[in-house]
Amino acid sequence: MVSENVEEYLECLWELTQDGTPARTSDIAKRMDVSPASVTEMMQRLDSQGYISYERYKGATLTEKGLRIGEAIKRKHRLLERFLVDVLGIEKERSHEEACRLEHMLSDESERRISEMMNNPSTCPDGDPIPAMDRLRPSGNEGTIVLSEMGEGEEGTISHLACDDPQKIRRIIAMGFVPERPLIVEDRLPMGGPVLVKVGDSRVALAKEYADLVHVRTRNRARHRHHGDR
Amino acid sequence: MEVLLVGNPNVGKSVIFSRLTGVGAISSNYPGTTVDYLKADMMVNGKKVTFIDLPGLYSLTGGTEDQRVAAQMLRSSSPDCVLLVADATRLEPSLVLLFQLIELGHPVLVAMNMMDSARKRGELDIARLSAILDVPIVPTVAITGEGMGELLRAIEGGQARRSTFRVRYDPRIEAYLEVLRLGLANFKLEHPVRGVAIKLLEGDEAFAEGVPEYILTQVDRLRKEFRKEHGEDLEVHINRDRYGEAGRILSEVYRPKVQPRTRGQRLSDLTLRPRTGVPILLAVLTLLLAAIIGLGSWLEEALLTAYASVTGTFFADLAEMIGGELGTALASGLDLSLQAILAVVVPYILLFYLLLAVLEDSGYLPRVVVLMDGVMHRIGLHGQAIIPMLVGMGCNVPAILATRTVESRRERLILGTIIVMAVPCSAQMAVIVGTVGSYGGPVYVLAILAILLGLVLLLGRLLHRALRFEPTGLMIEIPDLAVPRPRNVAVKTWMRIKEFFVLAFPILLAGSIALELLAAYGVLAKVVEPLAFFTEGFLGLPAITIIALLFGVLRKEMSFQLLVVLFGTADLAAVMTVQQLFVFALVMATFMPCLSAFAVMVKEYGAKGTVLIALASLALAFSLGGAANLLLTYL
Numbered sequence: 103m104v105s106e107n108v109e110e111y112l113e114c115l116w117e118l119t120q121d122g123t124p125a126r127t128s129d130i131a132k133r134m135d136v137s138p139a140s141v142t143e144m145m146q147r148l149d150s151q152g153y154i155s156y157e158r159y160k161g162a163t164l165t166e167k168g169l170r171i172g173e174a175i176k177r178k179h180r181l182l183e184r185f186l187v188d189v190l191g192i193e194k195e196r197s198h199e200e201a202c203r204l205e206h207m208l209s210d211e212s213e214r215r216i217s218e219m220m221n222n223p224s225t226c227p228d229g230d231p232i233p234a235m236d237r238l239r240p241s242g243n244e245g246t247i248v249l250s251e252m253g254e255g256e257e258g259t260i261s262h263l264a265c266d267d268p269q270k271i272r273r274i275i276a277m278g279f280v281p282e283r284p285l286i287v288e289d290r291l292p293m294g295g296p297v298l299v300k301v302g303d304s305r306v307a308l309a310k311e312y313a314d315l316v317h318v319r320t321r322n323r324a325r326h327r328h329h330g331d332r
Numbered sequence: 018m019e020v021l022l023v024g025n026p027n028v029g030k031s032v033i034f035s036r037l038t039g040v041g042a043i044s045s046n047y048p049g050t051t052v053d054y055l056k057a058d059m060m061v062n063g064k065k066v067t068f069i070d071l072p073g074l075y076s077l078t079g080g081t082e083d084q085r086v087a088a089q090m091l092r093s094s095s096p097d098c099v100l101l102v103a104d105a106t107r108l109e110p111s112l113v114l115l116f117q118l119i120e121l122g123h124p125v126l127v128a129m130n131m132m133d134s135a136r137k138r139g140e141l142d143i144a145r146l147s148a149i150l151d152v153p154i155v156p157t158v159a160i161t162g163e164g165m166g167e168l169l170r171a172i173e174g175g176q177a178r179r180s181t182f183r184v185r186y187d188p189r190i191e192a193y194l195e196v197l198r199l200g201l202a203n204f205k206l207e208h209p210v211r212g213v214a215i216k217l218l219e220g221d222e223a224f225a226e227g228v229p230e231y232i233l234t235q236v237d238r239l240r241k242e243f244r245k246e247h248g249e250d251l252e253v254h255i256n257r258d259r260y261g262e263a264g265r266i267l268s269e270v271y272r273p274k275v276q277p278r279t280r281g282q283r284l285s286d287l288t289l290r291p292r293t294g295v296p297i298l299l300a301v302l303t304l305l306l307a308a309i310i311g312l313g314s315w316l317e318e319a320l321l322t323a324y325a326s327v328t329g330t331f332f333a334d335l336a337e338m339i340g341g342e343l344g345t346a347l348a349s350g351l352d353l354s355l356q357a358i359l360a361v362v363v364p365y366i367l368l369f370y371l372l373l374a375v376l377e378d379s380g381y382l383p384r385v386v387v388l389m390d391g392v393m394h395r396i397g398l399h400g401q402a403i404i405p406m407l408v409g410m411g412c413n414v415p416a417i418l419a420t421r422t423v424e425s426r427r428e429r430l431i432l433g434t435i436i437v438m439a440v441p442c443s444a445q446m447a448v449i450v451g452t453v454g455s456y457g458g459p460v461y462v463l464a465i466l467a468i469l470l471g472l473v474l475l476l477g478r479l480l481h482r483a484l485r486f487e488p489t490g491l492m493i494e495i496p497d498l499a500v501p502r503p504r505n506v507a508v509k510t511w512m513r514i515k516e517f518f519v520l521a522f523p524i525l526l527a528g529s530i531a532l533e534l535l536a537a538y539g540v541l542a543k544v545v546e547p548l549a550f551f552t553e554g555f556l557g558l559p560a561i562t563i564i565a566l567l568f569g570v571l572r573k574e575m576s577f578q579l580l581v582v583l584f585g586t587a588d589l590a591a592v593m594t595v596q597q598l599f600v601f602a603l604v605m606a607t608f609m610p611c612l613s614a615f616a617v618m619v620k621e622y623g624a625k626g627t628v629l630i631a632l633a634s635l636a637l638a639f640s641l642g643g644a645a646n647l648l649l650t651y652l
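These protein sequence lines are chains A and B, in that order. Throughout the first sequence, residue numbering follows this note's numbering, covering 103 to 332 in sequence. Throughout the second sequence, residue numbering follows this note's numbering, covering 18 to 652 in sequence.
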């Protein structure tokens, strides 16, 4: 499970990166009302978990995985605001706070029903757009994720390799990155360093440029261990 | 009879090679230790057997320079036995390599190595595996020598066989293979038709030789067709099937035991995770430096004191006994050469190699690679480059060969230049620590090392810019940590420093006697004086040191040893100031490559590049020396 705090950050990042540029630490700190130092720490953590890609002086951008969560939370937030104001008649000012808390509990199922009940509204009470629910659902290769975006401790099975450079393909094949083999991400090194992957019984350090080519079907997200469990 | 040792990197081929032949092959605990093949002839039961140790490889297709060497050797020779060394603890990649050897029709024998660790992890049914694969398998533990007798008997008894085992590929691929089999049936090929057909479908051009053009066009069409229909490259699918097969076989013959996490595994994690790994790395480096500077200086002094008390007036007596100028020259030449060996080779070079061997065998180096990868990218290299650089702190010759493990030619050139110009080899380190370190203090050593580190970064940045293109990424297998075995550490260290005694000592001895004679007849002064404007005027060094600098081209440590000879004393503080020693050490630290390094560079990078690098480093060394002299004099 993703913690509420992480969801809040991803939601905030989603909004700040709408203009297509990385979100800067200072802007995130202002928006989240926390110190820049704790933002930096959080960004490094989110980076190591594969939600964002963070570079110290540039800022943060969401990975596909982070984008999916950030957008879902924002979507739920705006839909809930609409629901609170239009259906329950709560004041607009209070609806924001309330939605901030509820957005983390709302299941996809309930979200879909609320949206349907209200005839799929397209904007929140402030006039901002509500993203469509199925916008980011992957089609075809459902549930696959690029190895470079997997978080620490996540595991899965290689589904396919995507690359047009036969030289590169051969090298990753030779290292044992072949469809249907299981792998676990053990660690992600900072500063654009490699991903440490256990593939089969071998442990391999793989640069991002190679990790980008390996697509993985993840499983047992629930088994993803929390830090300090053992 | 010819035997090729083949296997994935870091499975213990070189250890087995050494065990079988008694010929020392350097082995360490990281992938890519062996970058060139090594050959040894042996008489076994009256039969001559040639063993060839190949660099490790993951696949017969693709790979880095060192792996291509191995693949090429396999293609071009027709050995009587291909000895596949498999890692019993990570069987799948070994099996996949074995499948390829079988497909190409090689007579194969398997050494199932690391059986001791494998037994702890689970149960492996060797007899069953051997039956499935249709190849003889000998269980071994190379590091203890277990199974070596059986292995030798199996090799000599001609037990290696062409297996009838076949990987079952996807029906579509099998259909393609059938098409190609019919097409190729009438051509004379080096390998079985099926094997060649598979390699062609994998897109390996090396096997295209002797295959007519129209079939290659057909292969190309099939590859495109497959990609279009399956959305996957043919070589990916072929390997998917191989690993699938390997996995199925493994599940039949291997039963893993559930085992608790050991202390070793926990330590292994600590060395890899940045939060703990970076402090550990810094601690290791600090310890290494402290050991060489502190322990080295202490050892040098202790040895020289002991030497003085043991020899006493022996050399003076010897000089008298022989008599005349010649007697003095011979006696003091011998005396000073021995002192030079004690002052340089034993305390610094031996010590460094011992420590390096411990680090190599522990499996720690690949961890340094991983931790430094991010930093190394800034200078246009990736983490893998750390290993050649560390090896280069021993000697530049194997370091330059080790650059083969780096992927592109561009990076090999950057790395080679950095190693030659800015990474101090153990001989250079001995010069630095033994001269200015001993008499001026560790601060000066650190200052020179800081300058060198600055040079590494600067050179890296410059070359990175100049050669453009993006650096390729890191891909390296991380072995488990292991406790280094004293025997291997000792043998390896001896192999590496042997030449300092057997090769360098005679040169040093002859050189010193000659110099003593030249000095005695006043010839030396005449040679040295015309260059004094440079030595004294520009570098601020005593004129006679030019001789030491010149000999530094031959061997780096000799420059230091000859200082001892030229001044006739091992106490350099009496004849040179700290500033002079600093300038001398700085010049030697960046001096042009020694003769052996020069030769190997010509072989690896071509003559033009090598001369360029040599001249550049010579210019750099003298500019740095001159600048240091100016700065220290006027500040």
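Note that these hints are calculated values from the structure, not bench results. Backbone N, C-alpha and C fix where the C-beta goes; we use that ideal spot for every residue, glycine too. Honestly, I wouldn't trust all of these hints.
Quick list of simulated restraints, FRET-style, between CB atoms [what the hints assert, rightly or not]:
{"#": "1", "chain 1": "B", "residue 1": "463", "chain 2": "A", "residue 2": "123", "range": "38 to 48 Å"}
{"#": "2", "chain 1": "A", "residue 1": "123", "chain 2": "B", "residue 2": "244", "range": "15 to 25 Å"}
{"#": "3", "chain 1": "A", "residue 1": "105", "chain 2": "B", "residue 2": "460", "range": "28 to 38 Å"}
{"#": "4", "chain 1": "A", "residue 1": "105", "chain 2": "B", "residue 2": "223", "range": "44 to 54 Å"}
{"#": "5", "chain 1": "A", "residue 1": "105", "chain 2": "B", "residue 2": "286", "range": "40 to 50 Å"}
{"#": "6", "chain 1": "B", "residue 1": "94", "chain 2": "A", "residue 2": "303", "range": "43 to 53 Å"}
{"#": "7", "chain 1": "A", "residue 1": "303", "chain 2": "B", "residue 2": "284", "range": "16 to 26 Å"}
{"#": "8", "chain 1": "A", "residue 1": "107", "chain 2": "B", "residue 2": "277", "range": "25 to 35 Å"}
{"#": "9", "chain 1": "B", "residue 1": "300", "chain 2": "A", "residue 2": "267", "range": "54 to 64 Å"}
Calculated pairs, DSSO-like style, for lysine-lysine (alpha carbon to alpha carbon, straight line, at most 27 Å) [said to hold, decoys possible]:
{"#": "10", "chain 1": "A", "residue 1": "300", "chain 2": "B", "residue 2": "274"}
{"#": "11", "chain 1": "A", "residue 1": "300", "chain 2": "B", "residue 2": "137"}
{"#": "12", "chain 1": "B", "residue 1": "620", "chain 2": "B", "residue 2": "515"}
{"#": "13", "chain 1": "B", "residue 1": "274", "chain 2": "A", "residue 2": "270"}
{"#": "14", "chain 1": "B", "residue 1": "515", "chain 2": "A", "residue 2": "270"}
{"#": "15", "chain 1": "A", "residue 1": "270", "chain 2": "A", "residue 2": "300"}
{"#": "16", "chain 1": "B", "residue 1": "274", "chain 2": "B", "residue 2": "137"}
{"#": "17", "chain 1": "A", "residue 1": "270", "chain 2": "A", "residue 2": "194"}
Structure-based check of all given hints:
Range check, residue 463(B) to residue 123(A): Cβ separation about 43 Å, and the 38 to 48 Å hint holds. Checked against the hint of 15 to 25 Å, the pair residue 123(A) and residue 244(B) fails, with Cβ atoms roughly 37 Å apart. With their beta carbons about 50 Å apart, residue 105(A) and residue 460(B) fall outside the hinted range of 28 to 38 Å. At about 53 Å, the CB distance of residue 105(A) to residue 223(B) agrees with the hint of 44 to 54 Å.
At about 24 Å, the CB distance of residue 105(A) to residue 286(B) disagrees with the hint of 40 to 50 Å. Taken as a hint, the range 43 to 53 Å is violated for the pair residue 94(B) and residue 303(A), whose Cβ atoms sit roughly 31 Å apart. Separated by about 19 Å at the C-beta atoms, residue 303(A) and residue 284(B) satisfy the suggested range of 16 to 26 Å. Restraint check, residue 107(A) to residue 277(B): a C-beta distance of roughly 33 Å satisfies the suggested window 25 to 35 Å.
Separation of residue 300(B) from residue 267(A) is about 40 Å and departs from the stated range, judged on CB atoms against 54 to 64 Å. A threshold of 27 Å between alpha carbons decides the hint, and for residue 300(A) with residue 274(B) the separation of about 18 Å falls inside it, so the pair holds. Between residue 300(A) and residue 137(B) the CA atoms are separated by roughly 20 Å; this keeps the pair inside 27 Å, and the hint holds. Restraint check for residue 620(B) and residue 515(B): satisfied, since their Cα atoms lie roughly 23 Å apart, inside the 27 Å limit.
For the given pair, residue 274(B) sits about 36 Å from residue 270(A) by alpha-carbon distance, which is inconsistent with the 27 Å threshold. With a C-alpha separation of about 41 Å, the suggested pairing of residue 515(B) with residue 270(A) is violated against the 27 Å cut-off. Pair hint residue 270(A) plus residue 300(A) holds up; C-alpha atoms about 19 Å apart against a cutoff of 27 Å. For the given pair, residue 274(B) sits about 8 Å from residue 137(B) by alpha-carbon distance, which is consistent with the 27 Å threshold.
Using a Cα cut-off of 27 Å, the hinted pair residue 270(A) and residue 194(A) is violated, with the two alpha carbons roughly 55 Å apart.
Of the hints listed earlier, those the structure fails to meet are numbers 2, 3, 5, 6, 9, 13, 14, 17, in rising order.
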